[in-house]
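Asker: Chain by chain, the residues run as shown.
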Amino acid sequence: MPLDASAISPELDIFIDSLDSRDGVLMPVLHKAQELYGYLPVTVQNHIAERLKIPAAKVFGVVTFYSFFCTAPKGKFKVSVCMGTACFVRDAQAVLERFKSQLGIGAGEVSGDMMFSLDALRCVGACGLAPVVSVNGKVYGRVAPDDVEGIVEEYLVKGGQNDERHKD
Amino acid sequence: MNRIRMHMLVCGGTGCVSCDSTEVKDALVREIMEHGLENEVQVTITGCFGFCEKGPIVKVYPDNVFYVRVSPDDAKILVGEHVIKGRVVEKLLYGDTPSDIPFYKKQMRIALRNCGLIDPEKIEDYISVDGYEALGRVLTGMTPQQVIGVIKGSGLGGRGGGGFPTGLKWELTAKAAGDKKYVICNADEGDPGAFMDRSILEGDPHSILEAMAIAGYAVGADEGVVYIRAEYPLAVERLQKAINQAEAFGLLGDHILGSDFSFRVGINLGAGAFVCGEETSLMNSVQGGRGEPRIKPPFPSETGLWSKPTSINNVETFANICPIILNGAEWFSGIGTEKSKGTKVFALAGKINNVGLVEVPMGMRLGDIIYSIGGGVRGGKSFKAVQTGGPSGGCIPASMLDISIDYESLSETGSMMGSGGMIVMDEDDCMVNIAKFYLEFTVDESCGKCTPCRIGNRRMHEILSRITKGGGTLDDLEQLKDLGEIIKICSLCGLGQTAPNPVLSTLHHFYDEYEAHIVDKRCPAGACTELLRYTIIAEKCIGCTLCARSCPVPCISGERKKVHDIIQEKCIKCGICYKKCPVDAIERK
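Which chain is which? The protein sequence lines are H and F, in order.
Residue numbering for the first sequence follows numbering that gives the first Met the number 0, beginning at 0 and increasing consecutively.
Residue numbering for the second sequence follows numbering that gives the first Met the number 0, beginning at 0 and increasing consecutively.
Hints are supplied without guarantee of correctness; some may be wrong.
[Claimed, not checked] Below, computed lysine-lysine pairings styled on PhoX-like, alpha-carbon distance capped at 25 Å:
#1 F:179 to F:151
#2 H:77 to H:31
#3 F:569 to H:99
#4 H:57 to F:307
#5 F:572 to H:99
#6 H:99 to F:578
[What the hints assert, rightly or not] Residues of chain F placed beyond 10 Å of chain H at every Cβ, according to the derived structure:
#7 36
#8 63
#9 79
#10 85
#11 145
#12 148
#13 164
#14 167
#15 334
#16 367
#17 472
#18 475
#19 496
#20 520
#21 570
Don't read these hints as lab results, they were simulated from the structure.
The beta carbon of each residue, even a glycine, is placed where N, CA and C say it ideally should be.
Whole structure, please, built from the sequences with the hints as guidance.
Answerer: So this is what it looks like as structure tokens:
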């Protein structure tokens, strides 16, 4: 679902106007924009470049440098499998593989119905619960491959019941 | 005024919150209200107790009782039995008193002193444990030079991994010419498996703000920046609350405590780039650019953020500052070894019984941390190695468990202190695979500026992948060593200079495992699936056909009640037959 320029909400402009200076504000502006739209499509990047009076190439360069920023939309339910070392040695790979086969998508991809996206994440710092999976910020600890089906099922039910937008 | 006779502290660290500790707190509050005890019993969310393995944790004062793995359903019995009748709930106990728990016995908490003791969201709690007293003492009775003198005298070294003397860093920044200077707190804890900075920020955010203000006074800066990972939302939230409170109390802002000193702190969010933990990359990121490192010299103390003199220290380093000011340089330098002073926080994780945060004096025996504090290896397996220093460090084998934990000894093993991650590995972990895992991380996280790091690490990763699939040669090992040395010498920043360490250290300590993969085409730990071979032990097979029916290929033949056989050419090594066999008749080698 590409965003056209008219869909850019005034909230982003209000945020940009509220900043004291133009120096070093690109990162906070990108964080805000991603919070508003869920991702950073080219139209939004161009708009930010124009408002901050910096080249669009610079904005693109920064967006693509940081893994936290994404240029494609994510699913309604964002599944992140922690692949930090503590989780890795407790077999997080098998959990990730099970999610891949269960959802039919690879890491970094989103399902056709935009319901689920799957990512491998670097350490959420809950190493005591390894291996860890988070779905839209809710953390599941000590996940075994056989738990995966239940977790997916839980969100399939939720997805069918309500249609509110889930944000981080 | 209400007289609170009992405090119930519930851990609010990320680990425990993920196990519903917030619900535990709510349930306790509900239960206490129900009995009309809200004026005498107080329930508080605190920072991390460190014992993440047993979370959620509830500690009761003044009884000093330590409850573990508490669920919301336990609130009824905790209030009914302990609070009302004064009877300790045995089934939720870990030990008699916290000081008896082996996990805590050998620890010495300086940086973590307030974690699990105070409510991190209340500045009054922090002030009640001598918070902001060090800042007051500095502003009213010490010159900036005296402050630097105390920190230098304490021997405190940078806890982010390098161990550079903090006092010297402050002195260089103070001496640098410039009207505008900065203090930065590096909270971009990207090392997977390390979570000490997060716990300190979540559990005791004011101690970091106070220390940053002291640093600002010492170096002549009026502005501080905390650069923190966006992946730590709870820490960001608590830090922002702390900043607001400190400003409201006049402990940050203009003319702090009526002095001429003004200092403000702002938060900058990272965006998931490991290289931004490197100081100059971090500064480029704060300035709104790509987090690529700068050439040093000039060092940040001369040309740092916005090209102004900047002192940048790690969270744990800052956490040590106030106790040093209050207790004196000699007190701190009396702890630890000759060259490494004070304590160090480690995040114990992996195949260890007591996962959690521990703080120990420098110089403790590595084996003591793993066995006395960590409770040894999980599930009765045998210890193989401990990885320290994350993607920049290396693996230390069992034969070296007697080494002392300090900067020098760890470097001698080919590993490093790093930020303090300690991942324990057992017999099932393949060292070649672990080296490959770390390299995959650095390949992903290399910013791409220096060719040896960008391309060299990729080549090393390809070689390791080949070895784990059985296609390696002994020449590959020589090439890994050569490449590793070149990448270390030719890269600009700490990421590239240390990236080959996990490979080089495992090559050094576990050469036989690499050899087994190459010469025997065998993975001794049984972790590299493509080198595994499943066979049926004829004497044990009862011919139940369970394996043949479970095989997804299928590649198992055999009649009922007769010995089965696996056709090796077809086998995809999924291991299902191995798990299904009721009589352990399938061998995996």
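Asker: Against chain H, does residue 570 of chain F hold up as non-interface, every C-beta pair farther apart than 10 Å?
Answerer: holds (18 Å)
Asker: In terms of Cβ atoms, is chain H entirely out of 10 Å range of residue 472 of chain F?
Answerer: holds (26 Å)
Asker: Would the hint linking residue 179 of chain F and residue 151 of chain F be met if the CA-CA limit is 25 Å?
Answerer: holds (23 Å)
Asker: Any Cβ of chain H at or closer than 10 Å to residue 164 of chain F, or is the non-interface label fine?
Answerer: holds (28 Å)
Asker: Please confirm whether residue 85 of chain F is truly not at the interface, meaning its C-beta sits more than 10 Å away from all C-beta atoms of chain H.
Answerer: Residue 85 of chain F is indeed farther than 10 Å from all Cβ atoms of chain H, at 31 Å.
Asker: Given the hint that residue 77 of chain H pairs with residue 31 of chain H, does the C-alpha gap stay at or below 25 Å?
Answerer: holds (19 Å)
Asker: Over 10 Å to the closest beta carbon of chain H is the bar; see if residue 496 of chain F clears it.
Answerer: About 20 Å separates residue 496 of chain F from the closest Cβ of chain H, which puts it past 10 Å; holds.
Asker: If we take the beta carbon of residue 475 of chain F, is the closest beta carbon in chain H still more than 10 Å away?
Answerer: It holds; residue 475 of chain F is separated from chain H by about 23 Å at its closest Cβ, greater than 10 Å.
Asker: For residue 367 of chain F, which was marked as not at the interface, is the minimum beta-carbon distance to chain H over 10 Å?
Answerer: holds (21 Å)
Asker: Is the claim that residue 79 of chain F lies outside the interface with chain H correct, judged by CB distances over 10 Å?
Answerer: Its Cβ never comes within 10 Å of chain H, the nearest being 28 Å, so this holds.
Asker: Is it true that the CA of residue 99 of chain H sits at most 25 Å from the CA of residue 578 of chain F?
Answerer: Holds: residue 99 of chain H and residue 578 of chain F sit about 21 Å apart, inside 25 Å.
Asker: Need the status of pair residue 569 of chain F, residue 99 of chain H: alpha-carbon distance at most 25 Å?
Answerer: holds (23 Å)
The structure agrees with every numbered hint stated previously.
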